[in-house]
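Going down the list, the protein sequences come from chains A and B.
Heads up, the first sequence is in my numbering, so the first residue is 431 and it goes up one at a time.
Heads up, the second sequence is in my numbering, so the first residue is 431 and it goes up one at a time.
Be careful, since some hints might not be right.
Which copy? The list can't say, so a pair holds if one copy fits it or any two copies do.
Result set (SDA-like, lysine to any residue): computed pairs, CA atoms no more than 20 Å apart in a straight line [stated by the list, open to error]:
1. 685 / 873
2. 530 / 918
3. 881 / 431
4. 1003 / 652
5. 646 / 661
6. 927 / 873
7. 724 / 824
Keep in mind the hints are simulated off the structure, nothing from the lab.
2 protein chains.
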Amino acid sequence: MYRTHTCGELRLSHINHEVTLAGWVQRIRDLGAMTFIDLRDRYGITQLVADGTLPEDVLNSIRSLGREYVVQVKGTVRERSNKNKNIPTGDIEILVSSVKVLNASVVPPFTIQDDTDGGDELRMKYRYLDLRRPSVRQNLELRHKMAQEVRRYFDEQGFLEVETPVLMKSTPEGARDFVVPSRLNPGTFYALPQSPQTFKQILMVAGFDRYFQIVKCFRDEDLRADRQPEFTQIDCEMSFVEQEDILNTFEGMLKHLFKKIKGVDFDKPFLRMTFEDAMNNYGNDKPDLRFDMKIHELTNLVKGKGFSIFDQAAYIGGICANGAADYSRKQIDELTEWVKRPQIGAKGLIYIRFGADGIKSSIDKFFNTEELAKIGEVFGAKTGDMVFVLVGDKKKTLGQLSELRLEMGTRLGLRDKDTFVPLWVIDFPLFEWDEETKRFYAMHHPFTSPKPEDIAIFESDPGKVRANAYDCVVNGVELGGGSIRIHDQELQQRMFKVLGFTKEQAEYQFGFIMNAFTYGAPPHGGIAFGFDRLVSMFAGLDSIRDTIAFPKNNSGRDMMIDSPSIISDEQLKELNIKVALKE
Amino acid sequence: MYRTHTCGELRLSHINHEVTLAGWVQRIRDLGAMTFIDLRDRYGITQLVADGTLPEDVLNSIRSLGREYVVQVKGTVRERSNKNKNIPTGDIEILVSSVKVLNASVVPPFTIQDDTDGGDELRMKYRYLDLRRPSVRQNLELRHKMAQEVRRYFDEQGFLEVETPVLMKSTPEGARDFVVPSRLNPGTFYALPQSPQTFKQILMVAGFDRYFQIVKCFRDEDLRADRQPEFTQIDCEMSFVEQEDILNTFEGMLKHLFKKIKGVDFDKPFLRMTFEDAMNNYGNDKPDLRFDMKIHELTNLVKGKGFSIFDQAAYIGGICANGAADYSRKQIDELTEWVKRPQIGAKGLIYIRFGADGIKSSIDKFFNTEELAKIGEVFGAKTGDMVFVLVGDKKKTLGQLSELRLEMGTRLGLRDKDTFVPLWVIDFPLFEWDEETKRFYAMHHPFTSPKPEDIAIFESDPGKVRANAYDCVVNGVELGGGSIRIHDQELQQRMFKVLGFTKEQAEYQFGFIMNAFTYGAPPHGGIAFGFDRLVSMFAGLDSIRDTIAFPKNNSGRDMMIDSPSIISDEQLKELNIKVALKE
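My request is simple: use the sequences and hints to build the entire structure.
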C-alpha cells in the first residue's frame, strides 16, 4: 500500500498520527515560508503544509510539483488554525516530512473542478480527466449504490439474476439492430439485443419464476439529444402473477431505492391513473404531478359565441396558471411566440387574466365578464390566476397544452428536483392505428395481453381494447414500462390476426417463441426500467450522459478512444464482408 | 397471484390450511380411485391427491392433464401416510378440491428430470425445457448467489462497479475481435471488448481507486470444447497498491465466496508458488495441489549408465504414484499407449515398481536394484509405489509428466471435487520468446510491470525478467490472473523497445492510453476472474456450459434461437457492407 489513509479520512482524532497519503495535486499555494498543497483522491481532499525548514531535497520535490501530479506524502496530522467547514477533513492538515513524486502530469487541458473551464467536446475527449471532477464522480458513485440496492431488493424478493446473450438474433420488427458478422458461420450475423424480451419470456417458460438483470441493451437509432446507442436496463419478469402483483413488486423496488438512496419515505401507495385520464387531464401519458394545473376542455362551453376561431375548432382547452395574473403584456407576447414555435406548433395563445382589477382577456370582444367568469369556474380560477387557452385538433392541442403546462410549471417554480411524485399510468390502448399504412400496430409489443373485459370487442373495435400494460412515471419522466403477456395461444392467434399477420408471417417472425409457448407457458408479465434515466433522476441531472462513465456523442462516437474506426482488410476478409460505401 | 404458496413451501405446520398452488405437472399416477400428481415449480415438488368423489368436471380436468401442463390447484394440506424423506415437502400432500388448466403442453421431446433421456443437441434446441431440470436450474441459482456475494464483498471493500462500453474499438494485438459496423459512421466498425483492460486502467487514471465489474467479454476464437464466444469476467483494478495488496484483497474475495457459498473456511493464507517452481515441480503453471506427486528431475542421476535413451535425452524426469505398485502389465501397457497418444506425445513410458517382492522395472537391463533404489530415493518411494519416467526435450517432457501426474491423480482418486486447494502462482516471466517470429512477446500484456529487482537485466537478458504478474489457481484450474501495471512512462518505452515496437508503432497501437498516462497515472494493478469457470468449479461441473443460461455450441451457434442468421439486403445496405463469401 502506498498510503495509510485516504485523502477523505483524517479527523481531529488523528492529531499527531504519522500518516502516509497518496493522491493528486489539486492546488498549490506557495507563500514563501510555507507551501500549502491540496491533495485529492476519490475520497476527498486533505491540506498539506510544507514549511521552509524541510531538507533541501524535499523542498525541491515540492517545488517541482504541478497540477495533477501524483504524489506520496508522509507527515504528521495537526489541527488547522483556520478550519475549513466545507470539507470533512477541514479540521486538520498534514505537516509534511517527505514527498515522493509517483508520477508527473502534463498540464491538463481544463481545470479539474466542478465549475470547470472545459467545453463539452474537450471533456469527452479527456474523459479520464473529466471523471476526476467530484460532481461527475459522484454521479457514478450514486449509480454504483443504486445498482447494489436494486440487486439487494430483487435478491430478497426471490428473483434470480440471469445473464442473457449479447450475441443474439436480428428481428425484423422494432428499431434497428446492431449486427455482428459471424466468422465461423460465413454470411450470417448475430444482432445485439434491443432488450432481452424474448429471453426473459423464455425464462418464464423454463420455470424460473422471477428473473431480473441489470443489462446493456443496444439500438442503432439516429441519436437524439438524450439517447445512447448502448444503454442499461433493469429488466424483470415474473410468473403466476397478475398486473396488481407486478405493480406492487416494482413499486416496492422504487420505494426501497428512494428510502435507501434519497432517504425519502413513501408511506402511501403510488398514484394510479388511466392512460385516458392522463391524456385528457394532462395531454400526456407521462404527466408531471408535482403540480396540478390540469387541462380542462372548454369546447361545449365556448362554442357559438360568434368567435370564429372557437366555432371552427374541433377542440378547445386550457390550463389555469395560479398566480400568473401579473404576467406583463411582454411576457404574454413572449409566451405566445413560445407556443407558436414549430416544436410546439400552436396557432396562437388566448389568455384570460383574473386580476385584482377584474377579468381581462384577449377575447373580450366575444365574451363578456360573466362569460369569462364562467370559463374561470371550470378551472376554479381565483384572483391572481391566469387561464391560457389553445384550440385545434384534439390530439395536437392536448399535446400543446401539455407542453405549455410543463413550461408554466417550470416558470412558476413548481418542478422542484427534490420533490418526487411517482405514478402508475395504466390501461394503455393495446393497438395504435397507423394512418399511413392503414393498419393497427401493437402499442407495446405483440405479446401484450388485453384486459380480459375487453376481449369481447377484440375484433369488432380493436382501437378501444385496453392492454394490461403499465408505465411507471416520476415527475413527468417515464422510468419504466411493461405488461402482462399473452400466454394463451388462441388469444395470441387473434392478436396476430388483428395486426394483419398471416399465419405464415407470424410463424416466420415469432415461430421460435410461439413454439416454446406450446410446452406449458405459465401466465407471466414483466417490466423494464431505464437504469440510466433512473440514476439521472436521482442525481438531479437533465441528461443521462453524466450517469455513464464513457458515453458516446450524438454521432455514436466515443471521442476518447476515437471509435468506431476502420478495420483491416484481413479482418474484413476473415469475416466474409466488404465495405460498400454509397456513392 | 395465482398461488398462495410455492411448490417447495408447505410443511406439517400447514396441515389443514386451504392453499392454492400453481406449477407444472411432473408426473401423474392414476390408481383408479385416486390420482396422484407431482406438481413442480422452481421451488420444489408437492404431491397432489385427487380422489374419485370429486365433481365430474374436476375429474375431467384431471383426466385431461399431461406432462408439463401448467395448472392451478386448490385444496387442503394433509399429512402423508407414506412420507417421502427425499424432498422437503415430503411430509404433506394436497387433497385437491379444484383444478384449473392454465396452459396445455405438447409432449416434451425429452424427460424433464436430472437423468433425462434427451441428447445434447436436443436439449440445447429446447433449452427452455432443459432449464426446467433441477440440476440445470440449480447451477444458475448458484451463479446468481455467487454474483450477489461477489458484489457484496467488493461493495464492502469500497470498490465501485462501473459499466464500461460494449461498443469499443478494435485492437490489432490479441485474439480476434467481434466487430459491429457503424451505420452513422460509414465504413467504420466498433469492436466488442475482449476485456475492459484499457477502460479499467483509464478508470485508475481517472482516480476511481477501486473498480470492479461482472462483465461480458467476447472473443472470436475457433471454439474449443470449453470455450464460449461470449463469457463473463469478474474484472477488477486498484490504485496505490503493490502486488501483496492485490493478492490479499482477492484472496479475501475467494475466501468470502467459499465461506458463504460452500461453507468452507480457509483459516490459513493461500499457498504461493513461483512460476519456476510450478514448472519444475509440476510441469505446469496451474498445478493441482490436491495431491503431491511432484515431478523430480533424474537427468544427472541416470545418465551414463549405457542406456542410450537416457544418454541422448536432454531431460529425464518422473513422478511417483503412491500405491500403484499393483498395476498389472496390462494396465502399464494401457498407460503407455495413453502417454503415446498425440495429445500427450511421449515416446514411451518407463516404470520402476517398488513391490513387496522387490524392485522391478522396464530398465532392469541397464540399472541394478541398487541403482533403481537410488532413483526411488529421489521420490521417497516406499514399498507399494510405482515410479514413472519420461524423457525428451525438457519443456515438452515436463508437460507430458504434468499430464501423466494429473491422470494418475484421477486414477488414484486423489482429485476429490469437494476438496479445494487454492494457490497463487507468482513471478511469471515478463516476456515469452517466439521462435517463429524471433522476437519477444509480452506474456501477459505490454503494460505488465517487471519486478523492480529485475529491471537491471531488462535489456541484457529479457528472457529472465520476472513480472509482477500472478494467477489464482484452484485444483489445477486457472480461475484468474492479473498484474501490477507499468505507470512509469520511461519504463514503458523500454518495454516497447524490448518488444520490438518502433516509437511510431507503439504510438499507433497504444497512443491513446499512453497519452492518458501522461496526465498523472497512479501506481495500479488488477486482476480478472473467469466467472463462468468459477461457478463451474463451485458447482462441481467439468464444463462451463451448464453455468450459462443460453450457451452457444462449438460452432458459435445458439441452437435455440437459430442464430447467427442472414440479415436483409436493406440492413446490409444501410450498414454500408456487403457479404463477400469466399469461393
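Comparing the hints with the structure gives:
1. 685 / 873: Classified as neither; 28 Å inside a copy, 50 Å across copies.
2. 530 / 918: between (71 Å within a copy, 14 Å between copies)
3. 881 / 431: Cα proximity of residue 881 and residue 431: across copies only (16 Å, versus 62 Å in one copy).
4. 1003 / 652: between (29 Å within a copy, 16 Å between copies)
5. 646 / 661: Both, since 6 Å and 15 Å are each at most 20 Å.
6. 927 / 873: within (15 Å within a copy, 60 Å between copies)
7. 724 / 824: within (16 Å within a copy, 85 Å between copies)
The structure does not agree with numbered hint 1 stated previously, though it agrees with all others.
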